[in-house]
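Chemist: Protein chains in written order, with UniProt numbering: chain E, 1 to 268; chain G, 1 to 268; chain L, 1 to 268; chain B, 1 to 268; chain U, 1 to 268; chain Z, 1 to 268.
Bear in mind the hints are in silico, worked out from the structure with no lab data behind them.
Ideal placement from N, C-alpha and C gives every residue a C-beta, glycine not left out.
Be careful, since some hints might not be right.
Stated by the list, open to error - Cβ-to-Cβ under 7 Å is the rule here; a few derived chain G residues that face chain E:
1) Ser65
2) Trp88
3) Glu216
4) Leu223
5) Leu230
6) Ala233
7) Ser243
8) Glu247
9) Pro248
10) Asp251
11) Asp254
Protein chains: 6
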Amino acid sequence: MNLMLTNPPSPDIPAYSPAGNECALFETAWTRQLPLLLKGPTGCGKTRFVSHMAARLGLPLSTVSCHDDLAAADLTGRYLLKGGDTIWVDGPLTRAVREGGICYLDEVVEARKDVAVVLHPLTDDRRILPLERTGEQLEAPPGFMLVVSYNPGYQNLLKTLKPSTRQRFVAIEFDFLPKDREIEVVSSESGLGTTEVAPLVELARRLRVLKGHDIEEGVSTRLLVYCASLIDAGLSPRDAVRSTMIEPLTDEPDVRAALIELSQAVIR
Amino acid sequence: MNLMLTNPPSPDIPAYSPAGNECALFETAWTRQLPLLLKGPTGCGKTRFVSHMAARLGLPLSTVSCHDDLAAADLTGRYLLKGGDTIWVDGPLTRAVREGGICYLDEVVEARKDVAVVLHPLTDDRRILPLERTGEQLEAPPGFMLVVSYNPGYQNLLKTLKPSTRQRFVAIEFDFLPKDREIEVVSSESGLGTTEVAPLVELARRLRVLKGHDIEEGVSTRLLVYCASLIDAGLSPRDAVRSTMIEPLTDEPDVRAALIELSQAVIR
Amino acid sequence: MNLMLTNPPSPDIPAYSPAGNECALFETAWTRQLPLLLKGPTGCGKTRFVSHMAARLGLPLSTVSCHDDLAAADLTGRYLLKGGDTIWVDGPLTRAVREGGICYLDEVVEARKDVAVVLHPLTDDRRILPLERTGEQLEAPPGFMLVVSYNPGYQNLLKTLKPSTRQRFVAIEFDFLPKDREIEVVSSESGLGTTEVAPLVELARRLRVLKGHDIEEGVSTRLLVYCASLIDAGLSPRDAVRSTMIEPLTDEPDVRAALIELSQAVIR
Amino acid sequence: MNLMLTNPPSPDIPAYSPAGNECALFETAWTRQLPLLLKGPTGCGKTRFVSHMAARLGLPLSTVSCHDDLAAADLTGRYLLKGGDTIWVDGPLTRAVREGGICYLDEVVEARKDVAVVLHPLTDDRRILPLERTGEQLEAPPGFMLVVSYNPGYQNLLKTLKPSTRQRFVAIEFDFLPKDREIEVVSSESGLGTTEVAPLVELARRLRVLKGHDIEEGVSTRLLVYCASLIDAGLSPRDAVRSTMIEPLTDEPDVRAALIELSQAVIR
Amino acid sequence: MNLMLTNPPSPDIPAYSPAGNECALFETAWTRQLPLLLKGPTGCGKTRFVSHMAARLGLPLSTVSCHDDLAAADLTGRYLLKGGDTIWVDGPLTRAVREGGICYLDEVVEARKDVAVVLHPLTDDRRILPLERTGEQLEAPPGFMLVVSYNPGYQNLLKTLKPSTRQRFVAIEFDFLPKDREIEVVSSESGLGTTEVAPLVELARRLRVLKGHDIEEGVSTRLLVYCASLIDAGLSPRDAVRSTMIEPLTDEPDVRAALIELSQAVIR
Amino acid sequence: MNLMLTNPPSPDIPAYSPAGNECALFETAWTRQLPLLLKGPTGCGKTRFVSHMAARLGLPLSTVSCHDDLAAADLTGRYLLKGGDTIWVDGPLTRAVREGGICYLDEVVEARKDVAVVLHPLTDDRRILPLERTGEQLEAPPGFMLVVSYNPGYQNLLKTLKPSTRQRFVAIEFDFLPKDREIEVVSSESGLGTTEVAPLVELARRLRVLKGHDIEEGVSTRLLVYCASLIDAGLSPRDAVRSTMIEPLTDEPDVRAALIELSQAVIR
């Protein structure tokens, strides 16, 4: 696979531990100027992956967290009043198209509908960004890449990408790391030894099986890092587990009691 | 059929491979100053067709991607503040009516309701665009043509063209290309040989049959080009197929598994 | 009937072929200063009728296509910023009330609710237009007439005229022209001979029977003119019929197939 | 009843033919500075009654037609930009409170909810209008009176006066005039003789019985005047009846046919 | 009860006839700097009670009638344009917090949700009003008191105070006055003798029993005062009762007939 | 537990009586720069706890009460007009990120959806606040901490934290204080002796059992303090209990009667 980067990541590149062929896919998409869609659960490392690839490819990265009220104009730009005149101010997408680099729209399904459609002319062979309000039509340079992500686990019928948008992206499915890899990552991020981290990861894996039944989402790697950090700072494992792996997952007294019981079988 | 252009497309004309009489229909509608409605699935080439015809007829083309928040004023124009005064700035439709050429409204059903009605006086024998806010009434020149498109496959009960709007357009139905033609197009766009493209197209055709059952939309020609591009850049066919013809189509684990199985029967 | 105009329409008067007593009714309402409501299906000639009557009576005509976002202020006027001041700019209804002539609100039920109520003081014996924002109260001159139209065929429960609005208008019901008259009109508008037009009109009449069952609206006279125009420009009758009398009516494959079959029984 | 005005109405006072004790009630409410609520069907004369009483009592009258988008600020006033400053401009209610006279809010239930509440401090013993935006608190002078109306016949569950608003008004129920009185009024308003008007009123009374069954509202006195006017101008009674007493009432073909049959039994 | 004010109300203090311990409760809450919530039906005297207490305690009173569109900024203040700059203008709540006195929010549940939450830091031991837009944080002086009211009788599921808001107030339940007290109040407010008022109060009490069954709200004391005022001005008791105690309560013909019958059994 | 602060709270530190390990958890989270989520019922002391910890750690505290209309821009900042220019004004969150200290978002689930997502880059290892409108990207200093709270008791299906937001916080569950501790707190806050407070706390505990059945929320400690304050000021216990522990909890006559009966069994 001649696409893999062979030089080791420099200290400036955020650590990322690949789970499959996602690095090769990212680079091939970048080489071919194709936009990328990352799918996967909360806190499994999508954002870190994009930071890692941007640093590795030496590209500037502009990240936009999407939400219910994010409209196309928040990405493309707006007219603002300045000394009595209205002047145009580029949004982050427009800046990225003008200057090159990666524009990453995190949780793109949360954004308002007009955002997805603004992306259309940028994600077919035209690779243009028409700015209706200024009358400009920007052509994306070869160094521009659009990456979007979303979490298909949310049961939100109203929030989904239309086929006409989805079918414009090369897509990668993410999942949690394999057990041993996750232990390494959590230990290295929190400073807690792998022996102490191992049962936390074991517990997280048991809790993830409950996703969709008693709890909406499984424990993320991020929460595991939180938990190990608190233990490393002197909190008891039981208190740390409760505050990071149980209370953030549920408000239901019955479910909480069951999770505590489950955790006490794993964590002494 | 004396309407067909007999001179071969120049290198500046975007390549387009007609599936039926759509080129003749477009030209006749243009000659008779009738507006045109293009219907068809995602990524089957409607936008490319309009680019092709505009270049062939030597007409400027203005494309607007419609969305939920696109209002009439986004097409006709707005008053902006400039040095303390409000000055009028034409929108893309108004510019096209003033200067002639094709104005193409992509996915017109997505736009707000007032857009469709703004089109009414432009799409009957009056061919006028009244600008209520400025008090102007523009007459469209003979060289102006309105083209709109939408994808009837979306099961959106709230989003549909009213009969009073639909009945103002000559309409053309689009579908995917026949097998051999699609192989040629995908090969020529991606650089991958036709022998390697053929099973991809075969797989796409099998997946399209599932539309409306397990998947919302069939694989577009665009995704086929993406897939062939990734393979041409060195990715394995299985990885490329998964990232372009399976992950963009579904988030359901069961459906994904079935599609992978189906693809492995076609792609070694 | 001393109300009928006896002088033949001048060349400047848009051609209109009356189906009943609508011309006499329009004139009597105008003489008696009563507002008029035109009801009827898409493309049956309501807009043309108003243009015809306005020209015949020598009155200026101002037409407003109503839509979901059309508010009272779009008709009456707004304050705009000009050199730091807010100045009042009349809307089309206010202009018509100030200067006399016909103000025609097409598809009035589409407009926002405040529009219908703005019309109330203009449509009873007061015949006034109060402009709350400027503090003015305009009295309509004898030469002012309000005409509104809508299509009762739409099955839109939310969009209907309130009785308190409807009961302010003299109302005329429109329908499609009788067969022979429609053949004449289509032939004269398209340039195609009546012999070739006759089977198209025959087909349209068969399709109109399906309204409310398989299709939402019957074929309009306008679409017949489109069809005849395309044939006159060299397209085959089958292609022209499909693009103007079938594709604009339905997106359902089954219905489309049935309409094609029906059309092939009429059009060779 | 010492409250009845004994001097005959002057020519400047709009004619009004009382159906009961409404004139005495209006005057008593005015004397005692109580607000008034008029309830009744479309076109039965509520607006005319208010005009009549205002002229009779020598009071200026300010009428506001309420609608879905009418907000409190439309009644009380707004800040507008003037030479770079924001200046306050009184709305019609504020003007009436400052200067005295009757402020009449027609169809008050149509207005936005904040309107009803703005009326509260004006309609209890405080009789004040607080203008939060300017910081003023206006005391209504003795010569100020608030009159509101609505049509309880509309089956609109969402649009109703809250008890806390209703219980601030003296209320009068209106209905159509008795037969003989209505004949007189229609004849005098249209110019058509009472002999010819009588069967029209007879027909209207038969149609009013159908209210709530086949038709939403009965024929108003206003439509009777329209009908008689058209006949007086030369139209045949059948054409006039159809255009004023049938088409404005219904769009349903079956109901229309039934009404035509019913009308032909009464009108030759 | 050493909290009761023993000096008789001065002529400047609005008359108020207490039904229970509400005056002592108000004063104790004021002494202890606790906010107060008044609950009770329409027109039972809550607003009058607050006016009375404010005058008795010598405190300025600022009343805000809440409605659907009342937002936090209407209470706290806004930036307005003045000579090209934006200047801050205090709202009524901010003024009361700066200057002391009672701020009374009438029908607080009607207001938008952000209003209730703006009240939170003012209604716990912090007693502060943070003005996010100006960056100020105002501390309420000891002489500031917040009073809110609402009518729990409305069956509005969407409009209710959240527990986190309700549990910040000392609450008082109001009801109509006892019979004899109500007769005194109505007589004194209307000028009509107690003998003539007594049967009106008797009728009101019979009608109040129907609340929640045939009518939404019982007859308020205010309507009784209206009724007695009209009779005192010369109207017949039957006409006055119908216009003030029946028509304002219902639009249903059946219910109206029943109420008239009921009233004629009490009022000759 | 070396994390516990051993020096006694200074007089400037708001009194707080911990129920468990919440102080140690807060400090550990602060040391490790992790964001904190506080869950618990109305009036159980969450806000007081944050004030206490902020003072103890010597950190400035900025509190924002969230509500339905609180948008991201209310936290991050806005452009305001100043002398004809638009200038940027920081919101409370931006100020806290620039200057360090605790930013506390009370009832964060009430805020608009865009708020939660603005928090995302601040609550993972990036600890950044991107200000899209100014183009800045602020890095949170080590002394910045984000704390949010909400009440999981509300049965609001529409208002909940998404897993992708929840899983970014260390979470602490709060509940009411144990009986003896609550008696101490209420006595110390109100000035009423513990003997008189004891039955009030006993009653509160009995009422809390009814939560979710007859009443939406149990009696808060704050209401207990109100009740004891009123008694201390001279009101009878029965009147005080009714106004603070019964009327604020319910508007239902049946429930109110039951609560009164229950209270009279405890409070003489």
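Chemist: State for each hint whether it applies.
Modeler: Hints, one by one, checked against the model:
1. With a least beta-carbon distance of about 5 Å to chain E, the hint placing serine 65(G) at the interface is held under the 7 Å criterion.
2. Using the Cβ-Cβ criterion of 7 Å, the hint placing tryptophan 88(G) at the interface with chain E is not satisfied: the shortest such distance is roughly 13 Å.
3. Contact between glutamate 216(G) and chain E, as hinted, is supported at the beta carbon level, the nearest pair being about 5 Å apart and thus within 7 Å.
4. A hinted interface residue such as leucine 223(G) counts as satisfied when its beta carbon comes closer than 7 Å to some beta carbon of chain E; here the least separation is about 5 Å, so the hint holds.
5. For the restraint placing leucine 230(G) at the interface with chain E, the shortest Cβ-Cβ distance is roughly 5 Å, inside the 7 Å limit, so the hint holds.
6. This hint holds: alanine 233(G) has a C-beta 5 Å from the nearest C-beta of chain E, less than the 7 Å allowed.
7. Taken as an interface hint, serine 243(G) checks out: its beta carbon lies about 5 Å from the nearest beta carbon of chain E, inside 7 Å.
8. Taking 7 Å as the C-beta contact cut-off toward chain E, the hint placing glutamate 247(G) at the interface holds, the least distance being around 3 Å.
9. With 7 Å as the threshold, the beta carbon of proline 248(G) comes within range of chain E, its nearest partner Cβ sitting at about 5 Å, so the hint holds.
10. At a threshold of 7 Å, the smallest CB-CB gap from aspartate 251(G) to chain E is about 4 Å, leaving the interface hint in force.
11. At its closest, the beta carbon of aspartate 254(G) sits 13 Å from a beta carbon of chain E; the interface hint therefore is violated under the 7 Å criterion.
Hint check: violations occur at hints 2 and 11; the rest are consistent with the structure.
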